[in-house]
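4 protein chains.
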Amino acid sequence: MDYFYGPGRNHLFVPGPVNIPEPVIRAMNRNNEDYRSPAVPALTKTLLEDVKKIFKTTSGTPFLIPTTGTGAWESALTNTLSPGDRTISFLIGQFSLLWIDQQQRLNFNVDVIESEWGQGANLDILASKLAADRAHTIKAICIVHNETATGVTNDLSKVRKLLDEYRHPALFLVDGVSSICALDFRMDEWGIDVALTGSQKALSLPTGMGIVCASPKALEASKTARSVRVFFDWKDYLKFYKMGTFWPYTPSIQLLYGLRAALDLIFEEGLENVIARHSRLGNATRLAVEAWGLKNCTQKEEWYSNTVTAVLVPPYIDSTEIVKRAWKRYNLSLGLGLNKVAGKVFRIGHLGNLNELQLLGCLAGVEMLLKDVGYPVKLGSGVAAACAYLQNNIPLITSRI
Amino acid sequence: MDYFYGPGRNHLFVPGPVNIPEPVIRAMNRNNEDYRSPAVPALTKTLLEDVKKIFKTTSGTPFLIPTTGTGAWESALTNTLSPGDRTISFLIGQFSLLWIDQQQRLNFNVDVIESEWGQGANLDILASKLAADRAHTIKAICIVHNETATGVTNDLSKVRKLLDEYRHPALFLVDGVSSICALDFRMDEWGIDVALTGSQKALSLPTGMGIVCASPKALEASKTARSVRVFFDWKDYLKFYKMGTFWPYTPSIQLLYGLRAALDLIFEEGLENVIARHSRLGNATRLAVEAWGLKNCTQKEEWYSNTVTAVLVPPYIDSTEIVKRAWKRYNLSLGLGLNKVAGKVFRIGHLGNLNELQLLGCLAGVEMLLKDVGYPVKLGSGVAAACAYLQNNIPLITSRI
Amino acid sequence: MDYFYGPGRNHLFVPGPVNIPEPVIRAMNRNNEDYRSPAVPALTKTLLEDVKKIFKTTSGTPFLIPTTGTGAWESALTNTLSPGDRTISFLIGQFSLLWIDQQQRLNFNVDVIESEWGQGANLDILASKLAADRAHTIKAICIVHNETATGVTNDLSKVRKLLDEYRHPALFLVDGVSSICALDFRMDEWGIDVALTGSQKALSLPTGMGIVCASPKALEASKTARSVRVFFDWKDYLKFYKMGTFWPYTPSIQLLYGLRAALDLIFEEGLENVIARHSRLGNATRLAVEAWGLKNCTQKEEWYSNTVTAVLVPPYIDSTEIVKRAWKRYNLSLGLGLNKVAGKVFRIGHLGNLNELQLLGCLAGVEMLLKDVGYPVKLGSGVAAACAYLQNNIPLITSRI
Amino acid sequence: MDYFYGPGRNHLFVPGPVNIPEPVIRAMNRNNEDYRSPAVPALTKTLLEDVKKIFKTTSGTPFLIPTTGTGAWESALTNTLSPGDRTISFLIGQFSLLWIDQQQRLNFNVDVIESEWGQGANLDILASKLAADRAHTIKAICIVHNETATGVTNDLSKVRKLLDEYRHPALFLVDGVSSICALDFRMDEWGIDVALTGSQKALSLPTGMGIVCASPKALEASKTARSVRVFFDWKDYLKFYKMGTFWPYTPSIQLLYGLRAALDLIFEEGLENVIARHSRLGNATRLAVEAWGLKNCTQKEEWYSNTVTAVLVPPYIDSTEIVKRAWKRYNLSLGLGLNKVAGKVFRIGHLGNLNELQLLGCLAGVEMLLKDVGYPVKLGSGVAAACAYLQNNIPLITSRI
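Protein chains in written order, with full-length UniProt numbering: chain H, 1 to 401; chain Z, 1 to 401; chain C, 1 to 401; chain L, 1 to 401.
Since the hints were made in silico from the structure, they are not lab data. Treat the hints with care, since some could be wrong.
It does not matter which identical chain is used: a pair holds within one copy or between any two.
Claimed, not checked - Below, in silico cross-link-like pairs of lysine-lysine (DSS-like), each with a Cα-Cα straight-line distance of 30 Å or less:
#: 1; residue 1: Lys295; residue 2: Lys371
#: 2; residue 1: Lys328; residue 2: Lys53
#: 3; residue 1: Lys158; residue 2: Lys340
#: 4; residue 1: Lys371; residue 2: Lys300
#: 5; residue 1: Lys378; residue 2: Lys295
#: 6; residue 1: Lys378; residue 2: Lys52
#: 7; residue 1: Lys340; residue 2: Lys223
#: 8; residue 1: Lys239; residue 2: Lys56
#: 9; residue 1: Lys328; residue 2: Lys242
#: 10; residue 1: Lys324; residue 2: Lys239
#: 11; residue 1: Lys235; residue 2: Lys344
#: 12; residue 1: Lys158; residue 2: Lys129
#: 13; residue 1: Lys242; residue 2: Lys53
#: 14; residue 1: Lys45; residue 2: Lys239
#: 15; residue 1: Lys223; residue 2: Lys129
#: 16; residue 1: Lys235; residue 2: Lys295
#: 17; residue 1: Lys344; residue 2: Lys53
#: 18; residue 1: Lys340; residue 2: Lys235
#: 19; residue 1: Lys45; residue 2: Lys344
#: 20; residue 1: Lys242; residue 2: Lys340
#: 21; residue 1: Lys239; residue 2: Lys340
#: 22; residue 1: Lys217; residue 2: Lys53
#: 23; residue 1: Lys161; residue 2: Lys300
#: 24; residue 1: Lys235; residue 2: Lys324
#: 25; residue 1: Lys242; residue 2: Lys45
Start from the sequences, fold in the hints, and give me the full structure.
As structure tokens, this is what we get:
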């Protein structure tokens, strides 16, 4: 039973959920198991060890929570902060907006630093706020590494630099939902206190697992944080970690085996190669956009995202029409423009288990779509630009050399 | 890759997660999809409509939350109650204990009515408390329909009767985790305000979906409830329900299709037939226990559970050994005794997509296990008792007549 | 476990085995069943009825044989002919060559009509042979509808016309392996006596089912045909058809359910729409080849194949290198040149459950490959030509309008 | 979509096709691949090497043929014999009958040695025939190792002994369809020239792969054998083996990966442990039959089969009713009585990936069935007898100790 079946593969280019590789689909194709038998803890142990590698942390403590990215946010915040705590949060797009909304509803005192959508986090203002905060009233810096709505990647190393410069003890909380496992991410090196992602993004799993990683400092903070929490409480996890049974409540057996397979694939390809592949996909997409004569919603190269590109359409075109038509005519799923940029951008997600020829099929589809809606694109132009770059840069597949 | 492979099927007789039927495994064997395309809302709409049938409600509003039973509890409580609110909660086993713990940590004023483990909720005390509460300080009655740790089923209709008798406006919140879709459950008729279950129980899905159903009165309460919540906030769901896109954050595509298949199977069998099958499985199990000369942890027939049987072992036997050995020698997964009854009981879960011959294989295994650990069981006795009952009571499979 | 894993989807563009759609993979994801229970005959009955639709026959009798195309050939021949019988067979490429080889090894007297590879069957010679054969020594005309090695489609209606013109009673045996369910095929209208295909071609299933359809005249011939056969003997099938149990030996349960799903998808799309889609894919591919400045191995438009295109490379290029490199660098599977055209052509299969954007991804890959091996292709040129055509011709997906 | 769905697992106790273990179902849950890419030959190479282990041969040459057991028979015969050749064949049940029928239709001169159904091959007569055959007119001894219709296992070592004793050069051809991978089988030690099995039997795969293994002597014979064959011709395989591409025509990618997984499971358990497990299952079944007061169709202990038990019912009972009712009421699939023993026996298959508790569930079901049809069985008696034996004999699962 499929709803609205179309022939051939669906071309899934939303910035999540993304394509699940066949070996992962296979690994999850299984019956339930007793999670109190010795098998599940044995499996969990390898996962907790290996998942740290994608965060690039050795000192962090990971939590595999049966939830979504939104829940992972809540886990990060409620375990480390108390009501009334001052947080600094950057408003640069829909997802940072939603996180700020969550922070406010959780009763933090959110100090919002807003940028125009398409720009990155304004770190100059952060600097001045840190400078001014001698009393250390700022308890946490909350930042979205990669704003999925606008395709903007923030430079986390600079945030750390500023915190160090001002010797500021604020916790450094990072939403890595559309970055971790696809973009360069270094939890330990950048002194990140809580980092989080969701299974359905670069890990290329189904939705349902929020992965949160806490630094020792964050764990320490969790002991005194007074935000009310039960389901998201790290304490319960830590108690079961100590007992070696790992789970305070029932995990999804399927997602555990899926995560095992997903990590195996990432390690087989090599995490650095995965990141390099995303860089190629990002570059190729941007070259195509340029060849079409369209603008990237992201205003400066320093913020270009290698996991999603938000493409600005001319004012006489409604980007929503492009997305609808993509699905109706080409079996292509593109991302809508959200909120402030609704109707103005469409988004090409290029993250997860994806290769160059898949992207080129998508780009060819976008060209036809642009023509469909009356934009005078030169057919083949974007693909040509992308190919010219890719043909010089795609490496041989390591296992096949 | 399997951990600790054993030949043949694993005999899964923990009271959840339970066996997933093949058609459901098949339905979930799929790639991700864009949940903002028209297909997912169309699918979701049918699910929200149909899921009400398993709650037996027409006026309730269901929420399919990417979480576990623990999260579903939190959703039920935080959306309807405010910190400091007085709840009445029945402590009769490990799961009611955990729910009470959650209520306390969420800062409610929990009025605990305790029973010996193996007994049901003490409704006489409830009656007296209701009688005394002229001021209506009791905001909610929280009750676990079926306590999975002891195999005790509470009579919800009596709770409603008492509330009516005393014209008490308290909300009636029910954990139906190991009951809904297996035991007789009537949300509307019994005036339940919030009922909840988890996907991995009688629905026979993987873990990962908490299903919560709210009465109009509960929805009304949610407008003024001051418990802090974001991820679990019904408001966000209701907003997206109104928009027709249904999802405030990313759902698991696989679980949605899985739920569709699970409901289809339940409706094909007929919900009443599903409940009757659980009754047969429960009766057969209890007859076997009796034939073995062992006692049911459940002290009275009125509380007997048709989804799980906790079997008391003689004092000279450690029930944990039975469970360990079941897995090591017979590829059989039984439930451990928890907390107060650890070492004293083992549990046979008999819920979900399960038939009589599967149960008989399990019962035969338990007989050998009892012998293994030195209990003087007469081999074949329990199976004989169960068969004598079942051979008289199993109907022909409707589709095969 | 995958051999030589590469990130992202494998782009499968060999002319078979082809991509299996997800609903079909799902349908086959199942345990074995007793094929003597009532369920399998009930399923088989619908299959035998529905499979006739893809042959466009109402009078034919289909056989679903656990074998490959080679076995289906053998079934067609041995059931209708006797050793020493004169057959006319057209040698136009590797697969017609192999069939001729089989005919010779089965001891028929094969009268071979050879054409240059890249040309279709020489029907003028057929005409003269029919004209000369007053004695009706020709017992069968054996023809490959679509020669997969060269991408040549023969005109079967003309063969029928000639047979009618000369009132020749020869049996008309057709290999429809890479045509049926993708190209226009009309068993009854064209008076075909045995038509056959394989599951892994346009039906988009795994390999393992040879589907043979026999006209009443062919069935009649089978009663006296003296070729030795047991496994392939239609008689055994017919005996079990009569008994209503259908299977003389064990069928693959998985392929039966897979065929059910495959047929359902074809009927949902509409067989005529499936054929039109293949026409679009063929046209688009040929436009790309032309834009690259390369030649189609098929020498005349009348023989152009809509399921596979064999592309001639310049003499200074080894087409085998292209195919190897496609797999090693781009995770793209192209077809090799076979036998006489080895090294000279590479093949793009465009059949089965495939859509336009998938093809465009492949074409973009071929452009990069051509550049890789030193051919001065203008990147984007083929995709541009294909897009210009497709953007005008792709219909909306019916279920999504 | 399932035909005639019943709740819970289907209890599959026909003697093939048998239960597929989950890891094998998972391994086959995949898209097609280009079988001419380097991956498939690499995989095939490991399969051909490893499959020899289940035949216990180092000198044999295996063929993995896309066919069924019937096709495997034909492959064994046509590659080694010429029309008119004298074969000795033992008629002891339905499957030996069918093989004899095939031999006759393939124009061999079949010298049939018949036994009563329920008895093994009459080796005394074989001895006298060998003794008499000074001229070596007997070209092959054809024997079914385990007759699936009656549950009779022949002693192959005795056949070899006789051949050696009379220094007779006849080929020794063995149908191991329901024995290999379940019963003790030693191709090299017993001097077997062709042995064969089918994927859906003890290997626990779907139907569709006939596995044939030829000794050097058989390969030598194939060079001069004049039986007509193409699809089944070993020559084509050997040609592609030499080229390293392995496949003369398209294999099922899914079955190749499935076979890989199936062999891995068998080697993980240990082939000797697999055989011991079948011995336990056979013994347990026979003890149950005895306890029920019923007779085994197999007349002597020396012929008892550990893969299937044919149970004789009293004359006043129609065994067909038992089989029908098993499926209709208990979701249990039993084997019918075939041909001479139709209505007189029902069969319990106990082969493949199966464990003791699964069998006990089946035995309990049979007890209820016997009662259903009016046989005065003591419920629990068979299970008790089986349990008494099994509880003493089941080892711990190696991986879980």
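Hints versus structure:
When the C-alpha separation of lysine 295 and lysine 371 is checked against a cutoff of 30 Å, the pair qualifies both within a copy, at 16 Å, and between copies, at 29 Å. Taking the closest pair of Cα atoms, lysine 328 and lysine 53 come within 30 Å of each other only across two copies (28 Å); inside a single copy the shortest separation is 40 Å, beyond that limit. In this assembly of identical chains, the alpha carbons of lysine 158 and lysine 340 lie at most 30 Å apart only when taken from the same copy (27 Å versus 53 Å across copies). Taking the closest pair of Cα atoms, lysine 371 and lysine 300 come within 30 Å of each other only inside a single copy of the chain (27 Å); across copies the shortest separation is 32 Å, beyond that limit.
Within a single copy, lysine 378 and lysine 295 get their C-alpha atoms as close as 15 Å, and across copies as close as 25 Å, so both meet the 30 Å cut-off. For the homomeric pair lysine 378 and lysine 52, neither the shortest alpha-carbon distance inside one copy (46 Å) nor that between copies (45 Å) is at most 30 Å. Taking identical chains as interchangeable, the C-alpha atoms of lysine 340 and lysine 223 lie at most 30 Å apart only when they sit on different chains, with a minimum of 28 Å there against 39 Å within one chain. Proximity of lysine 239 to lysine 56 under the C-alpha cut-off of 30 Å is restricted to the intra-copy arrangement: shortest distance 24 Å within a copy versus 38 Å between copies.
In the homo-oligomer, the alpha carbons of lysine 328 and lysine 242 lie at most 30 Å apart only across protomers (24 Å), although the nearest pairing inside one protomer, at 52 Å, exceeds that limit. Within a single copy, lysine 324 and lysine 239 get their C-alpha atoms only as close as 48 Å, which misses the 30 Å cut-off; across copies the closest is 22 Å, which meets it. In this homomeric assembly, lysine 235 and lysine 344 come within 30 Å of each other (Cα to Cα) only across copies, at 28 Å, whereas the closest approach inside a single copy is 44 Å. Taking identical chains as interchangeable, the C-alpha atoms of lysine 158 and lysine 129 lie at most 30 Å apart only when both belong to the same chain, with a minimum of 15 Å there against 60 Å between chains.
When the C-alpha separation of lysine 242 and lysine 53 is checked against a cutoff of 30 Å, the pair qualifies only within one copy, where the shortest distance is 21 Å, while the shortest distance between copies is 42 Å. In this assembly of identical chains, the alpha carbons of lysine 45 and lysine 239 lie at most 30 Å apart only when taken from the same copy (15 Å versus 39 Å across copies). For a Cα distance limit of 30 Å, the shortest separation of lysine 223 from lysine 129 inside one copy, 27 Å, qualifies, whereas the shortest one across copies, 37 Å, does not. In this assembly of identical chains, the alpha carbons of lysine 235 and lysine 295 never lie at most 30 Å apart, being 47 Å within a copy and 37 Å across copies at closest.
In this assembly of identical chains, lysine 344 and lysine 53 lie within 30 Å of each other by CA distance neither inside one copy nor across copies; the values are 38 Å within and 42 Å between. For a Cα distance limit of 30 Å, the shortest separation of lysine 340 from lysine 235 across copies, 22 Å, qualifies, whereas the shortest one inside one copy, 39 Å, does not. In this assembly of identical chains, lysine 45 and lysine 344 lie within 30 Å of each other by CA distance solely across copies; the values are 29 Å between and 46 Å within a copy. For the identical chains of this complex, lysine 242 and lysine 340 are inter-copy neighbours only, at 21 Å across copies versus 47 Å inside a copy, given an alpha-carbon limit of 30 Å.
When the C-alpha separation of lysine 239 and lysine 340 is checked against a cutoff of 30 Å, the pair qualifies only between copies, where the shortest distance is 19 Å, while the shortest distance within a copy is 44 Å. Proximity of lysine 217 to lysine 53 under the C-alpha cut-off of 30 Å is restricted to the intra-copy arrangement: shortest distance 19 Å within a copy versus 48 Å between copies. For the identical chains of this complex, lysine 161 and lysine 300 are intra-copy neighbours only, at 21 Å inside a copy versus 67 Å across copies, given an alpha-carbon limit of 30 Å. Taking the closest pair of Cα atoms, lysine 235 and lysine 324 come within 30 Å of each other only across two copies (28 Å); inside a single copy the shortest separation is 45 Å, beyond that limit.
For the identical chains of this complex, lysine 242 and lysine 45 are intra-copy neighbours only, at 12 Å inside a copy versus 43 Å across copies, given an alpha-carbon limit of 30 Å.
Violation of the numbered hints given earlier is confined to hints 6, 16 and 17; the remaining hints are satisfied by the structure.
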